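First to last, the protein sequences are chains A and B.
The numbering of the first sequence is our numbering, which starts it at 117 and goes up by one.
The numbering of the second sequence is our numbering, which starts it at 25 and goes up by one.
Hints should not be assumed to be uniformly reliable.
Residues from chain A shown here face chain B by an in silico Cβ test under 8 Å; the list is partial [claimed, not checked]:
#	residue
1	Leu126
2	Val127
3	Gly141
4	Gly185
These are computed hints drawn from the structure, not numbers from a lab.
Computed from a prediction, not measured in an experiment: that's the story for all the values here.
We treat Cβ as the ideally placed atom computed from N, Cα and C, and that holds for glycine.
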Amino acid sequence: MRSLLLYGPLVGVPILGVTLVLESGRNLSAPPNVSGRWNLTTPVTVDSVACPAARGLLHTSGLEIRQSGAEISVTLVGASNGTLPGRVTRGSDSLITLAVATGAVSFHAIVDRSTTPARLIGSAEWPGCGAGHRAEIVAASVGRIGARSR
Amino acid sequence: MITLKVLLLQVALVIIFSRLVGLIFRRFHQPQVVGEMLAGIILGPSVLGAVAPKLSTTLFPASSLGALSALSQIGLVAFMFLVGLELDHRMLRGKGEAAVLTSHTSIVMPFFLGSLLALFLYPRLSDDSVRFSHFALFLGTAMSVTAFPVLARMLTERRLLGHPVGALALACAAVDDVTAWCILAGVVVMVRASATDLPLWITLGGTLGYVGVMIFGVRHLLRPLSGWFRTAGKITPDLMGLVLLLVIVSAAITEYLGIHALFGAFLLGVVMPRDKEFQEALTARLEDFVVLLLLPLFFAFTGLRTQIGLVNGAAMWGYCGLIILVAVAGKLGGTLVAARASGSSWREAGAVGILMNTRGLMELVVLNIGLDIGVISPALFAMMVLMALTTTLMTTPLLELVFPESRPARRAAAELAAEPVRAS
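Pulled out of the complex, with its shape left as it was, chain A reads as follows (with noise of 0.2 Å):
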């Protein structure tokens, strides 16, 4: 008898919260999404003669974005350059500012998830070979961004 009292504050009640978490938590908004693969659709050119450290941007074939909540981690498909980190900050509903920044390069760019596939333009530089050695990067999302795969 004493356990069939007991279940109503024990049992009912987380229930009764769970309920006003998913109401309480219906407006609640997270960064924009930018992850997955995106392929580069015009090659990069740069001088990686002047700047050797540009070098690994020719054989990348795209970037992978792997995201938790505003943190990024940009890859260089195909480079040697490892994993950048980043941060996304939302411009407006559509258009996104990635801002990736280390010691070695610097790569921003804007997504913009209005178009089919979503499209990534941006540059990078790198601050050790000086000012004018920039690259263009665009970029075309693979499959929706947002929707995972399964």
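Use these hints to put chain B onto chain A, whose structure you have.
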């Protein structure tokens, strides 16, 4: 393209490493599975990848992960079949009001706290491709899981199965896991329905229909299997082949329906004939191959996906600490309160709570599903893996502290002292 020699090398490496690390942990009275979980993380980007990246890339090139994933999924399918097979329906009913209250509280309390935590974590660790409701429900489910198989083994080793504490913990864990899997199936359906072209009514209706057919139809059709076993006196190759085929077919059906293959395997295990000798013979034929060869591959694959390096900075480690705190408070705390309120002593209630807090392998299975369907991010996955490891690691020392009767040596000594003196 992955070559066979790379795959064989990986398998050999994983087995050796898992056994070695598991052996070390067994010396400290920790379950083998803790060592295997840690072995997987060590082989992944968090340790080997950070310390020796070139060696890590050579041993586990990105192109090889597909084959490793496939093998580990097959191992999981077989393992979940064994979990369903071992589930004793009698544990799920007739245990009295106290057990019902404790088991239901041990689910809803961590579920509620997990979903509450989602309010804080969603804007920080998720993104707008995931709905808050899916995120919160998944987090709640992940918090409410208990490692039923690990718990069963722990209780067997410590000879606590016959003790009221052990019996209550096992019954609660059985109820917890069945409920958690049902909720997880629902979450998977919701997430996939919003991401794929498969209509929701097919997934939902198909799943409910399939569960009904299995429980009310297939279960009766499978009864002759135990008869064939008894006639032959053993599991014949034909019988084993038939069972394996049924496992694969059931897993394929639920995978096609849009939930996960694991549910189909688990469900088939549940509806197999409840003939103890038949179950034990079947388990004996499969267990070694699954537990010694395929499951370590799953742990390795999980470790290869776990990037503890993503948990960087005070804020991220703070989130990780919060996840562990909420997990423990919900499961251990919730179970303790319910068991105490139902009449157990503080010590016994504490012991049940500590046992229920073990998350182990089942948590990793749930987390991998979450990562696969995209409802949790890689950083949150890493944090939750750390939570699974921590809560499983803490079980043995806490249990021996709070419930010294659980120590194997002490129980053996007590039983020996209780035996009548034999005349020489």
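Hints, verified against the model:
no.: 1; hint: Leu126; verdict: holds, 5 Å
no.: 2; hint: Val127; verdict: holds, 5 Å
no.: 3; hint: Gly141; verdict: holds, 4 Å
no.: 4; hint: Gly185; verdict: holds, 5 Å
In summary, this structure violates none of the numbered hints.
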